[in-house]
Amino acid sequence: MQLKKIRITGFRGFNGTQEFDLSSPVIILFGENGAGKSSFLNAIEWCLFGEEIVGKATGIRERVNWEIKNRHSKECIVELHITQNDKKYIVKRILKGKSKHILSIESPDGDTLSGDEAYEKLSELLHNITFKDFMSSVYQHQEVIRFILTQEPRDRNEAIDRLLGLSQYRNFIEGIDLKSIKPEKLQEEITSLEREIEAKVKVWEEQIESYEKELKEKNICEPEICEKGIKRMCDEIKDKLSKFTRELGINLSEEFKSVTLDNVNEFLELGKKEIIRLRSEMPDIKRQKELHEKMLVIEKNKSNFEKLKNDYEDKQQNLKNFIEKNGNIEKLEEKLKEVDQNIKFKKQERKNTNQHGNIIKEALDYLNSEGVPDKNKCPVCGSKTDNLIEHLDKEYREKFERELKKIDEEIEDLQRKKNKIENLIRDGEKLQKDFEEVKEEFSNLQTKLRKDLGLTERDDVLHCIELKKKKIEEEINKITQNIKEKQGHLTQIECQFPIIEKFLHVIELREKREKAREITKTENWRKLEEKAEGLKRLREALENIVESVKKTSLEDAQNKIDLIKQKVSKNFKNLTQHPLISHLQIEVKEDRRTGSNSYNFQHDGKDVTPILSQGQLNSLALSIFLSMTETTDFPFSFIMLDDPSQSLGKEEKEKLADILNNISQNRDLILSTMDGELFQFLNEKITKEKITYVFEDWTPEEGPIVSREKNGY
Amino acid sequence: MGTKEKIKKNLANEELKELFEEIYEGFSNKGKEGIKETVENKVNKIKKEFEEIKMKIENAIGG
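As given, the protein sequences belong to chains L and D, one line each in that order. Be aware that the first sequence starts at 1362, since it is given in the working numbering, and climbs by one per residue. Be aware that the second sequence starts at 245, since it is given in the working numbering, and climbs by one per residue.
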């Protein structure tokens, strides 16, 4: 894959759109920190790997919470023009919203691929390499170099594997997760199932034994517990119920008549329903109900009769007592008449007395008035009397007032007497009326009962009711006894049902038990074991594959190390001029603990990494990285280096420029640096055509301010 | 010779080679996740069939 052009819009430090020509063999990005160089390199990464370049999984600290889109830009788009086998492709990635990536690839024939098709094509263009591979074998990034510099063997070995292009092997080793495949679990499940079945068989056997014991107690022998035995019992039930209904003169239901013995459960269900029906519909039950209803009517009549009779007698006695005490109404009315006459007479007497008195009173009034010539002359009779006024006054007071008072008292007595008699008449009339009413009611009831019971006027109603009641009671007792016997008969038949159900249970349990005992001989059991065995074989096969992958990885690593070890040693020697390490030896072997490749860097049989400075470790990493890019099976035609001169001295930088010039003979270079010394050496030493982008400044509004120089600065 | 061929060369028999081909196809399509997916699918297929047969046996025996 070769890079030809990049167009960046709103990505990271870039606001607006800028386009960069990448068609020269060497591209140098030069400028101070924060001028946008890294954003340029990141744009290439993002276009090729999308969201993979962000987050903790990258292993790069600064990538956690990384913002892809420039905060001042409306959109974020990177468009990368590449060639692969002389065919041109345009890879375009757009960020929608915060995290939605839209990838499209314009193919040489002008078609635009999108969605899954675009991702598949991109994967093919990238030779299936992962972002981690890219970061170690194509893009020399300081954060990744850190893993080679680390003293932790596992991380270092993995990073070197990646540098050597062996990460595919690791992908297979890690991708085939042998630990998660547990064939023994399936075998354990089979064993557990076997135990479960054994436990069930044991429970069923105990149940069978218990039911057989219960049946034996009911005098049913073991040989009878079979389908024939059940059918025989069902037949018997059907016969008994037929006979029972015939005797009662009623019919069996059509449903029960038609049920066959082939379906015993249906037979039992219908049989139970039939017995419930017969219990409620047998003729005696109906008769018993009628008699109870009759009895209720008789008892009600009797109660009414007794109540009315008592009422009648009470009221008759009350009336009699009243008459004895006060006389009858006629007699009382006579008394009342007499008292009324007396009152009338007394009132006349009072009137007369009062008239005489009034004359005296008027005479007195006259005499006492002024202008009467003779106060001793009577104005009524004309006779003359001395002290007539005193005399008349005395007569009026002593005679008329006393007499009138006496008459008034007599009238009051008579009035009280009259009131009393009137009250008695009212009471008597009420008693008479009540008595007449109850008498009529009682008479009506008697007439009705006589008619209902067919009695003559001479019969004693209450006695006849008692006789009738006794007769019905006797009939009820008799019919109740009959019903009890018939219900008992039905109960006897009904008792057969649980026995049949037990028969059925025993037979079902026996069948289940036999089936369970034979289950391990079935086809399904054989298949179950086959599946467990299949998983075991799959695991063994995968183990073999993993072993082969490890073996191949080791062979490949050894071959590659053999191929580059001289170059690595030479590059390292050129870069560092280390006085103690004249020849760097690289040994690769299998890590016994992990099965992965283990790399040792030695001089005179001793590990050199503990004595190397940071700059020398960086030189070692660069030596491996750059040596690998010179091998023939390196999948990309370009490499990217980000600030490669960290910790290097002036001489090392000059040597690095020499090495990069050598590499540029076969690979395109994209190199970013802020190091003026290295930049100067690169300008001096690189002989290939180059474009230099000078990142002069950066502003939030404009993004990087970049000037372009071709072939030197 | 590519990685695939190098590994296949070290595999003992055709059965293993066929299995590796399947795994490699998964890798070609989806990378490391594709390998995991292929292996998981094979394992899950066996486990699913195992569970189905086990269920049939349990149903045949009943409660």
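You may find that some hints are simply not true.
[Unchecked claim] Pairs of lysine to aspartate or glutamate, DMTMM-like flavour, derived with a Cα cap of 25 angstroms:
| hint | chain 1 | residue 1 | chain 2 | residue 2 |
| --- | --- | --- | --- | --- |
| 1 | L | K1655 | L | E1846 |
| 2 | D | K250 | L | D1952 |
| 3 | D | K250 | L | E1991 |
| 4 | L | K1829 | L | E1802 |
| 5 | L | K1686 | L | E1588 |
| 6 | D | K286 | L | E1798 |
| 7 | D | K274 | L | E1440 |
| 8 | L | K1563 | L | D1538 |
| 9 | D | K261 | L | E1891 |
| 10 | L | K1574 | L | E1872 |
| 11 | D | K298 | L | E1991 |
| 12 | L | K1676 | L | D1538 |
| 13 | L | K1712 | L | E1731 |
| 14 | L | K1561 | D | E262 |
| 15 | D | K289 | L | D1538 |
| 16 | D | K298 | L | E1559 |
| 17 | L | K2049 | L | D1447 |
| 18 | D | K250 | L | D1538 |
| 19 | D | K250 | D | E262 |
[What the hints assert, rightly or not] Covered stretches of chain D, going by a simulated chain L footprint (3 or more residues, C-beta under 8 angstroms):
| hint | segment |
| --- | --- |
| 20 | 254 to 266 |
| 21 | 273 to 282 |
| 22 | 297 to 306 |
For the record, the hints were derived by calculation from the structure and aren't laboratory data. All C-beta atoms, glycine included, are put in the ideal place defined by N, C-alpha and C.
Results for each hint:
Between K1655 (chain L) and E1846 (chain L), the direct Cα distance comes to roughly 23 angstroms. Compliance with the 25 angstroms bound is thereby established for this hinted pair. Pair hint K250 (chain D) plus D1952 (chain L) holds up; C-alpha atoms about 20 angstroms apart against a cutoff of 25 angstroms. For the hint pairing K250 (chain D) with E1991 (chain L), the CA-to-CA distance comes to about 22 angstroms; that is within 25 angstroms, so the pair holds. For the suggested pair K1829 (chain L) and E1802 (chain L), the alpha carbons sit about 23 angstroms apart, so the restraint of at most 25 angstroms is met.
Of the pairs offered as hints, the one joining K1686 (chain L) and E1588 (chain L) is violated, with about 95 angstroms between alpha carbons and a cut-off of 25 angstroms exceeded. For a cut-off of 25 angstroms, the pair hint linking K286 (chain D) to E1798 (chain L) is broken: about 106 angstroms separates their Cα positions. Restraint check for K274 (chain D) and E1440 (chain L): the C-alpha separation of about 24 angstroms stays at or below 25 angstroms, so the hint holds. The hinted pair formed by K1563 (chain L) and D1538 (chain L) fails the criterion: a straight-line CA distance of about 41 angstroms is larger than 25 angstroms.
Under the criterion of a C-alpha separation no larger than 25 angstroms, the hint pairing K261 (chain D) with E1891 (chain L) is consistent with the structure, at around 22 angstroms. As the CA atoms of K1574 (chain L) and E1872 (chain L) are separated by approximately 18 angstroms, the hinted pair is consistent with the 25 angstroms bound. For the hint pairing K298 (chain D) with E1991 (chain L), the CA-to-CA distance comes to about 58 angstroms; that exceeds 25 angstroms, so the pair is violated. Between K1676 (chain L) and D1538 (chain L) the CA atoms are separated by roughly 112 angstroms; this puts the pair beyond 25 angstroms, and the hint is violated.
The suggested pairing of K1712 (chain L) with E1731 (chain L) is violated, with an alpha-carbon distance near 30 angstroms, which exceeds 25 angstroms. At most 25 angstroms may separate the alpha-carbon atoms for a hinted pair to count; K1561 (chain L) and E262 (chain D) exceed this at roughly 44 angstroms. Of the supplied pair hints, the one linking K289 (chain D) and D1538 (chain L) holds, its CA atoms being roughly 16 angstroms apart against a limit of 25 angstroms. Restraint check for K298 (chain D) and E1559 (chain L): the C-alpha separation of about 15 angstroms stays at or below 25 angstroms, so the hint holds.
Of the pairs offered as hints, the one joining K2049 (chain L) and D1447 (chain L) holds, with about 21 angstroms between alpha carbons and a cut-off of 25 angstroms not exceeded. Only pairs whose Cα atoms come within 25 angstroms are accepted, and K250 (chain D) paired with D1538 (chain L) is accepted, the gap being roughly 21 angstroms. At roughly 14 angstroms between alpha-carbon atoms, K250 (chain D) and E262 (chain D) fall within 25 angstroms of each other, so this suggested pair holds. Proximity of the segment 254 to 266 of chain D to chain L, defined as three or more residues with a beta carbon under 8 angstroms from a beta carbon of that chain, is established by the 7 residues found.
Coverage of the segment 273 to 282 of chain D by chain L holds in this model, with 7 residues showing a Cβ closer than 8 angstroms to a Cβ of that chain against a need of three. For the segment 297 to 306 of chain D, the stated coverage by chain L holds: 8 residues have a C-beta nearer than 8 angstroms to a C-beta of that chain, and at least 3 were required.
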